[in-house]
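Hey, can you work out the whole structure from these sequences and the hints?
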Amino acid sequence: MTDTTTAQAAPKRSLTKTLELDTRLLGMIGAFAAVCIVFNLMTGGQFLTPRNIFNLTIQTVSVAIMATGMVFVIVTRHIDLSVGSVLATCSAIMAMTQTVVLPEGLGLGLGHPLTPWLTIIVGVIAGAVIGGFHGWLVGYMGIPAFIVTLGGLLVWRNIAWYITNGQTIGPLDPTFQNFGGIGGTLGSTGSWIVAALATAAAVAALFSARRNKVAHGQTPKPLWAELTMSGIIAAAIFGFVGILNAYQVPERVLERDFAARGETMPDGFTAAYGLPISVLLLAAIAIAMTVIAKRTRLGRYIFATGGNPDAAALSGIDTRFLTVKVFAIMGVLCALSAVVASARLSFHSNDIGTLDELRVIAAAVIGGTALAGGIGTIHGAILGALIMQSLQSGMAMVGVDAPFQNIVVGAVLVLAVLIDIIYRKRTGG
Amino acid sequence: MTPLVEMKDISIAFGGVQAVNRVSIDLYPGEVVGLLGHNGAGKSTLIKILSGAYKADSGEIRVDGKPVSITSPRDARAAGIETIYQTLALADNLDATANLFLGREIVTGTGMLNDAKMEAETRKIMARLNPNFRKLQEPVSALSGGQRQSVAIARAVYFNARILIMDEPTAALGVHETKMVADLIQELKAQGLGIFLISHDTREMMELCDRVSVMKNGELIATERVEDVTEDDILSMIIMGKKPEKAA
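Residue numbers (the numbering used here), protein chains in the order written: chain A, 1 to 429; chain B, 1001 to 1248.
Be careful, since some hints might not be right.
[As the list claims (entries may be wrong)] Within a straight-line C-alpha distance of at most 27 Å, the following computed DSS-like cross-link-like pairs (lysine-lysine) qualify:
#1 B:Lys1135 <-> A:Lys221
#2 B:Lys1008 <-> B:Lys1055
#3 B:Lys1135 <-> A:Lys425
Calculated directly from the structure, the hints in this document are not laboratory data.
Below you can see the structure in the form of structure tokens.
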């Protein structure tokens, strides 16, 4: 038996390897930066203003939330074409719950403090049941996910229509609307506090992982690498919050708010929007989904099943029930997206979520999820959603005609998959 | 001595095809029993019944003399039966550690995966089985056939299997790696494990096995001690489906 420890004094490693950075992720960040810079030049600096970045952020949230779930679905070698329609059904159920069922049916009246929370619970349960049902059809009945969810695309879109008789339902509960974006933000001070807490938590997580490695006799990465990563994380979080905090609430909006409270605005009073609650929701979901993917048995089994379904089954993993769980998670995330999407509009409309399946699948795939299964990351999917949204809103700002916008988005999706295939061939991954 | 495993009168049919027809085999501790036969003779099917991948239509399985019910791979593992498949049942996208512990992960008090602990354990067992093995953190798709096979074998050894099923363990391997697996089989045998070995290579079987069972068209032709038969006898059993005439 040879001494394995000495052999681990590894040869010189590249900087990205020492930092344990994903080169693929760096490529995507580069692509995103390029998109931003090009649009910023074409719009004469209008693209990278705090206002536009704020808008871009809140427009991305709904698709990004669903994209995190689509990662699990695609990793297990399935697909979900019904997410936009499931979103619509959940939105319709929640709209009816908060405007009709709770106030009239249960006699809570309008504006009851419990209304938004009960509504969200009802919506999430609906999403879980719909998703779980899809998963049951796929896992236990053996119907391909493509067919189940293609049918679902039509079925749930029209169940949403039936529930609301095709009407627009609104206005939604004021507290519920806080999840939408511009209506619910933390303000400047609150945002800085969240940034500080988030940074502290991220750095603590980095170093706790390091301690665990050392405790089991593994060589951790050098301390400077750990500190560099901490610095990058802190800069990213504070930079992002700083930009959002730079977006001032327009004076007339502030005046209106003061007037509504029967006060007059003091001279020179300013306030920033800060972090939208919807972005916090996305961050929480992203962390939860990443923890599931990387640190739990469920996530390990999802990736194992995607890599080799037979091996997973022979290892004693119940792959059929796993399919139900994966689709149920997707359903729950559709419901949460429905909260954000309908709250942002302040009403439920019949066409909510239309074509979202395309955006969500594109986000996941652009974000590095392999359609062959087994490979994908949550942060990649969110970045993918951001790239898609940037393209779309950038083109709108530049004044590209609507048909050309859609043509570009469709072409980018196909191109992204091509680049992905070439990349994987080169790296053997 | 009680056999480690007894499979009695096992039958299974798929559609109209009787894949295994009233076959009985057994296995003693520290023994290697080879299963031989053409493709479609029923060897793999028989062994998949023992590993829980298929459920027999009729027949009985006993482990240590006690009847057991094996309806899933989980049941088989609980009975101490581990299988190393022909197709190397590994998830290619995961690393060696994740594969070794697949389905039996070590978790922390909060139910999270304890990757550092699992990696340390993998390092220990691999140092014993294959000292040259270093690629613990790369997906197993980046490993050679021999390295992948050693991950599969490590999985069986780590969890203290008493009965090992090896389906063509050397089919995908080079000469050197085949030797390594053969040495490993001898070592596991010395530790008192019982091993079912499936292979097409009659000569290899003569070297590694204590007894061989030959199957044809779903039926057991015969089980013989290797010292009682020649390679030609075995070949004629495989091809003709006949027991060798005992030469005087």
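Restraint check for Lys1135 (chain B) with Lys221 (chain A), where alpha carbons must lie at most 27 Å apart: holds (17 Å)
Satisfaction of hint between Lys425 (chain A) and Lys1135 (chain B), Cα-Cα up to 27 Å: Roughly 20 Å separates the two Cα atoms, so the pair holds.
Distance restraint between Lys1008 (chain B) and Lys1055 (chain B), which requires alpha-carbon spacing of 27 Å or less: Roughly 14 Å between the alpha carbons, so the hint for Lys1008 (chain B) and Lys1055 (chain B) holds.
Going through the hint list in order, the structure satisfies each hint without exception.
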